[in-house]
Amino acid sequence: MGAEQKFLVCWCACVCVCAQKRLWEGTEVGTNLADGASDNKVDHVHDTMQATDAPPSPPAKDQTQRFAFDERIWEATNVEINLVEDAPPIRDKEADEADHVLDTMQTQDFPPPSTAKDQFQEELVIKPLHSGDIYASFQFRTQWDTDFLEKHKFSHYRLFPKSLGQVISKFSVRELHISFTQGYWRTMQWGQPFLPSPPGAELWVWFQDTVTDVDLAWKELTNVLSGIFCASLNFIDSTNTVQPSASFKPLGVGNVTDQRFLRYAVLPREIVCTENLTPWKKLLPCGSKAGLAVLMKSEKLFHSSFHSQALHIRPVCKDWQCKSTSWELRQTLNVVFDLHTSGQGKREWSLFKMFSRTLTEACPLASSSKVYVDITDNPQGELFELSPATPLVSQAVVLGDGRTYSVYDLTDHATFGQTHSLNVLLRWRAAESGEMLRPLLHGERYVAGYGLQTGEIHTLVYNNHPYRAFPVLLLDTVPWYLRLYIHTLTVTSKGRDNKPSYIHYQPSKDRLQPHLLEMLIQLPPNSVTEVTVQFERALLKWTEYTPDPNHGFYVGSSVISALVPSVVAMDTNNTQERPLFSSFFPCKEESTYFMRIYTEPLLVNLPTPDFSMPYNVICLTCTVVAVGYGSLYNLLTRTFQVEEPSQGLAKRLANIIRRLRGVPLLT
Amino acid sequence: MGLLSDPNRRRALTNLLTRLNAPICVVCYLAGVMWFMGLAFEPFTLRTYMSENAMGSTMVEEHFPAGERALATGREFAAHKKKVGGMPVNWLVKTMESRGLEVFTQSFTRKLPFPDENKERYLVRGTNVYGILRAPRASRTEALVLTAPCSQGNANNQAVGLLLGLAQYFRSQVYWAKDIIFLVNEHDLIGMQAWLEGYHHTNTTGGDWSPLHGRGGSIQASLSLELSSDVITSLDLVLEGLNGQLPNLDLANLFHAFCQKIGVLCTIQGKLQRNDWESTSGYSHSAQTMMLMVLKQASGRPWGDHGLFLRYHIEAATIRGINSFRQYKTDTTTIGRLLEGMYRKLNNLLERLHQSYFFYLMPSLTRFVSIGYYMPAFGLLAVILLLRVSFHLSDRRGLGVGLTRYPGVLSILTPVVISHMTGVALYCLPVMSQEMAVQHFPVSETEAVVLTAIAIYTAGLALPHNTHRYTLPLVLKLVALLYLAVLLGCTALINFSLGFILALSLVPIAAFITPHTHKPLSAAIMVLLSPGCTLLYCVLIFQELQETPVSLQDGWMLFLSVISQGILDHSLYGSLVYPLLALLIYPCWLLLWNILFWK
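Quick note, the sequences are listed as chains P and F, same order.
Here the first sequence is numbered in the numbering used here, starting from -12 and rising by one per residue.
Here the second sequence is numbered in the numbering used here, starting from 141 and rising by one per residue.
Because the hints were derived from the structure by calculation, they are not lab data.
We put the CB at the ideal spot given by N, CA and C, even for glycine.
Heads up, some of the hints might be wrong.
[To be verified] Computed footprint of chain P on chain F, listed as stretches where at least three residues anywhere in the stretch have a Cβ under 8 Å from a Cβ of chain P:
#, stretch
1, 271 to 281
2, 372 to 386
3, 447 to 460
4, 481 to 492
[Said to hold, decoys possible] FRET-style restraints, in silico, Cβ to Cβ:
#, chain 1, residue 1, chain 2, residue 2, range
5, F, N155, P, P534, 56 to 66 Å
6, P, K638, F, A152, 28 to 38 Å
7, P, P534, F, P516, 28 to 38 Å
8, P, W529, F, S350, 39 to 49 Å
9, F, P351, P, K486, 17 to 27 Å
Make the full structure from the sequences, and use the hints.
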C-alpha cells in the first residue's frame, strides 16, 4: 500500500501545483490581473480608446452584454457602484431595469464592490499538427471573487453566468467538470491535447462536504445540467455513475478528498451538435457576438475531425497568498480541422478558412484576449510562413515540453492593422513536417473474441519513454450487463506478469450499479502493458433493450491518469541555450507532468432476441400445448380398459336379492 | 384427439404404418426430392426485397471519377510486386500514407500440415497491409472493410489499384460515420485468417501472427474485391462462406440494387438472370444455379476471401469481376461508383444488418428460398428414419428375431466403438502418418495424405464383420437409425445443403438395409451410396453444372484434390465438414454396413 499512497500524495500535490501554476501563468499572461487598481486604469484607457461617442452605460445586470451591445460601450473589468451612479441618465427600459437592480442592491447594503470582483480572459491557441491537420483550442476563463455558498450574499451577476451560479449554490457544488466530445482524439497522430476528454459526454462533480444526500443532489444536478446544455445528461443514473477512489481528485483548492462526495459518469453514446454548442456559447459574457467567440460558427466547427467543448468550475486561490478562494469558470472548445477534407490537400490554413470568419475585435469585457500560434517546430520560419508577422513571442512548458508561441494581442489595436481585421495565415513551405515525437503515454482498447456468449476486454497502455518507468492509474467502468470475470484479470508487460500495486474493484449489481475497476500499474520503460479481463454477455429483459439493439451497447472509455516524465527532462544534453549551472539536475517543476488519456469506447453486441419472435412463439406454443401436450398427457395418465356391457335391470335386481341372502352373485 | 387415445383407431394407424411402411417411405423420399426441385421453380419462390430501412429509402449519389488513375495505380502495384517478388509492403505503406490513411502492417507465418499442391505452398510467410480511414467525429466504434488480395502472378492487380483509388476518393469525403479499413492481404485466405484473428485476438487454428496495432472498433460489413482485367463484362457475387454460412440477404440485395441502378450485368454462381421461367430451359437454368449454391454451401469451404468474416458475425461477400467475350464492357470507374454507392449505404446503417434472412438459397439474384420453404424437403427425408424406427418397434418380426431376449445396451457397444475408432483413425492418421508413407512409397506428401485417407476408408469396410456375435441386428439398426436422424437433423440446421445431400444418399440405405437382403447387390448399393462416393458424385455434378465437364479420369484427380483441400480447410480455417464426415457420418455408415453383414 505504501507505493500507491505515495503516488497519490505525490499526485495530489502535483495537481495542486499544476493548478497554482496555471494561476501563475495566468497572471503572467494577463496584464497584472491581481492588481485591481492598475488593471482598472489600463482598462479605462483602453475603453476611452475604443468607445467613440456613445455614453457609458451601467452594465449592472447579469445580461450585461445584451444592452451593452446595444450601446456599443464596454467596461472590461470591475465597475464601482459610484462610478455607475455617475453615469449619464439612462433612457430606455432596460436601463430602468438596471436602475432597479441597482436600487435593490443598494437597499440590501452590498459589500463594497471592490471585493466582488470578476474578470474575463479569452485566448485561442492554434497548433499545426504533424499530420497536416490543424488544432484550434479556445479557452475562456471567468474568475469571480465571491462565495456562492452564502446564499443571501449575491443576486447580482455580471460576467459569471447566472444559470451556473445558481446551480453551484443550490447543489453545493465544489467542483464541476463537464465535457461534450464528438470524435476521438488521435494521440498517435496529433500528440496530446491541452484538455483531454472522452468521446460522448463526461461529467464529474465534487460536492461540498456539507451535502447530506449526495445521490439526490447528483440526480437533480444532472437533470438541471441536462436542461442547461440540451444534452441527455438526464440518462445518468446509478447504473452508469461511479465514485472513483483515486483517478479524479479535485483540481481546485481544498483538502476534501473523500470519494463519497465525488460522482463520475460518462455517456459514450451522446451525440454532440449545434444544440449543445449554442447554450455553451450563451454562457460567455460576449456571447458569440464579439471577441474570439465570433469564430464559432457551428457549420464550420462541426465540419472537422474532432470537436470537444467543455466547462470546468472550481475554486482557485484569490491571490498568491491563497487566503481566500475565488471561483473560476473555464470554458474550452477544442477542434481539429482535417487537411484532406477541408484543405483540399493544400497545406494552407487561415482563420477564415477554418472558421469562415476573421477577428475584428477583442471581447470588450475581456481583460485579456490573445491568439497564440505554436511555432516551436518553425523557429526560423523554414517550415511555414506565418502572416501577419507578430513581434510578440511567448514561451511555455506545455505537457512537459517547451513550446514557443507567436502571440497576437487583440486588445491592441495595432494587431488588426489597416484592414481592421485579423486573419492569421499559415502557409507551408515544406511538404512534410518531419517526424513527430511519439507520445510518451498512449492507450488502446478493444474487445476480443467472437460469438455472443463471452468476450475479453483488452486494454493496451504504451509507455514510449526510452528509460523511465512510471506508474499509471487505470480506471475502467463497465456496465453491469457485461459480467466481468474478475478472476481472469491479467496484467502483463514485456511478456511478464505485472502485479498492480493497488486495485480497487467494486462489483456490479444487476440493474443498479456498474463495475468499477481502478488499478495502479507500474509501466516499465519502452513497453506495452496489456490488461485483459473476460466477460460474459448478459441476456437483458426484453424491455431493457434500446430501440436499436443490434447496434450494440457502449462501454465508456478507460481513463488512464499518470505523472509522465517530461520530455524536457529526457533531453539531458540540452545545454546550448541554458547556462551550465542551471541544467545539471532536471528541474523539479518540469521533470514530471500530469496527464490523463482516454481510450476509445467499445461497442459490444449483446445476444438480441428477434423482436417479432414473441408473436410467433406465442402462436406456436399455444398450438403445441393445445394439440400435442393435451393428447400426450391423455395417453400418459389414462388407463385404458375395455368397457363391460351394462347389466340388465332384472339381473341387477336378482343380484341385490342374492346379496341379501348371502349367496354368490350372478355374473 | 381421439386418434391416439382410442385403442381401435390407434391399432388401425399402427397397422397402416406397419403394412404400408415401405410405400410411405418411398413416397416421402420422392416427395422430398420433388419439393427440393420445386424450390427452383419461379412461382414457388419469393422475390428479393430490401428489408433494411437505413439502406432502402436513403438516396446516395455516386461521383467516383478516377477509374483510369486507379488502373494506373494497379499497374504501378503490379510493377512493384514483380520487382519485390511478393507483396510490395513498403510501396503500399507509402502509397496508403500519402492518401491520408493510418497504415499498419501485420506479418504472419503458417506451416501447412502438408503441402498444398493446388496453390503450391507449404511454409507460408506473408504480410498484410491495411490502412484505416478515420471517420471524422466518430469514436472508433464501428468500421467497414474493403479487401483486395495480393495474388500471385498477374491476378487482382486492378483490384488493388481500385482499392487505393477508392481510398483516395473516400478520404476527401466528409460523410463517413464509420471508419473504413482498406486491407490488402497476402496469400488469400491464410492472410485473411491471420488478419481476422489478429483483429479479434483469437487463435482458433494455431497460426502465428503479429498483433495488430490499429483497429476501428466492431466491423459491420465487409466486401472483398477480385478484379483481374481493366474492363469487365459482369460482376459475380459470391456469398458462400466457411461452414456454409451466408451473409445477410440484404447484402446481396444491396449489390443487386446498385447493379441495377448503375447498369452493370450481375451474376450469381456465374449465371445470368433469365426471364423465361415458363420454359423448361428457364427452369433448368435456375435449378442449376440453385444446385450450384447447394453444392458450394455443402462443401463448407470459403468460396472467396469474405468467407472467414462470417464467423465473426460480419456480413461479407466477394465481388468478382468477370471478363468474357460479350460485347458490352464495363470500365473501372463504373465499378468504383458501384462500390462507392454500396459503401455509402453501408455507412448509413444504424444497426448491423439483421432485418433480412440469414438462411436462404438463391435460384437467381432476384429470387430466394427462405428456410421455411426449403426445410420441408429435408423434413420429408428425415421423417423416413422415424417411420422406420416406429416400424421396427411395432413389427418385431422385421429382422427375424423378436425382442423376447432383451440384450443389454452394452452388447451393441462393440460395433459402435469399433466404427468410431475407425472414424478417429480416418481423421487423425492421414496427416500424422504422411512422413512414414512418403518414406515407404513413391508418393508426395499430399498424395500420401489423400491415399492414406482412402485406404483407411476402404479398410473400414473389412473390419468389423465378426465382432458382434452377441448383438441383435434390430437393436443395432434402431440405434443406427436414431443416430443418423439426430446427426442429419443437426447438420441440416447448421448447413442445410450438407444435411440434405447426406440425407439423399444415406436415408435409403439406412431405411432398407437388413441382414436378409441379397448381400452382393446390397453391398454394392451401399458402397455406391457411401459418403465417399457421394463426394465423388458431387464433384462430377459440380463440374457439370459449371459447364466444365470432366472425364472420369480427371474427375478422380479432382476428387483426390478435393479431399486434400477438405483436410487443409479444416486445419487452416476450422472448416467442420471433414471432421463431421470422418468422425460421425462415416462411423454411422459403418454401423449400417455391419447390419448388412450380420450372420
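Status of the hints after comparison with the structure:
1. Given as covered by chain P, the stretch 271 to 281 of chain F passes the check, having 7 residues with a CB less than 8 Å from a CB of that chain where 3 are the minimum.
2. With 0 residues having a Cβ less than 8 Å from any Cβ of chain P, the stretch 372 to 386 of chain F misses the three-residue criterion, and the hint is violated.
3. Interface restraint, the stretch 447 to 460 of chain F with chain P: holds (3 residues with C-beta to C-beta distance below 8 Å; minimum three).
4. Counting residues of the stretch 481 to 492 of chain F whose C-beta sits closer than 8 Å to any C-beta of chain P gives 3, which meets the bar of three, so the coverage hint holds.
5. Between N155(F) and P534(P) the beta carbons are some 57 Å apart, a value that agrees with the proposed interval 56 to 66 Å.
6. In this structure the hint that K638(P) and A152(F) lie 28 to 38 Å apart at CB holds, the actual value being about 34 Å.
7. Distance hint for P534(P) and P516(F): a CB-CB separation of about 35 Å, consistent with the stated range 28 to 38 Å.
8. Checked against the given bound of 39 to 49 Å, the beta carbons of W529(P) and S350(F), roughly 43 Å apart, stay inside it.
9. The given range of 17 to 27 Å is respected by P351(F) and K486(P), whose C-beta atoms sit roughly 23 Å from each other.
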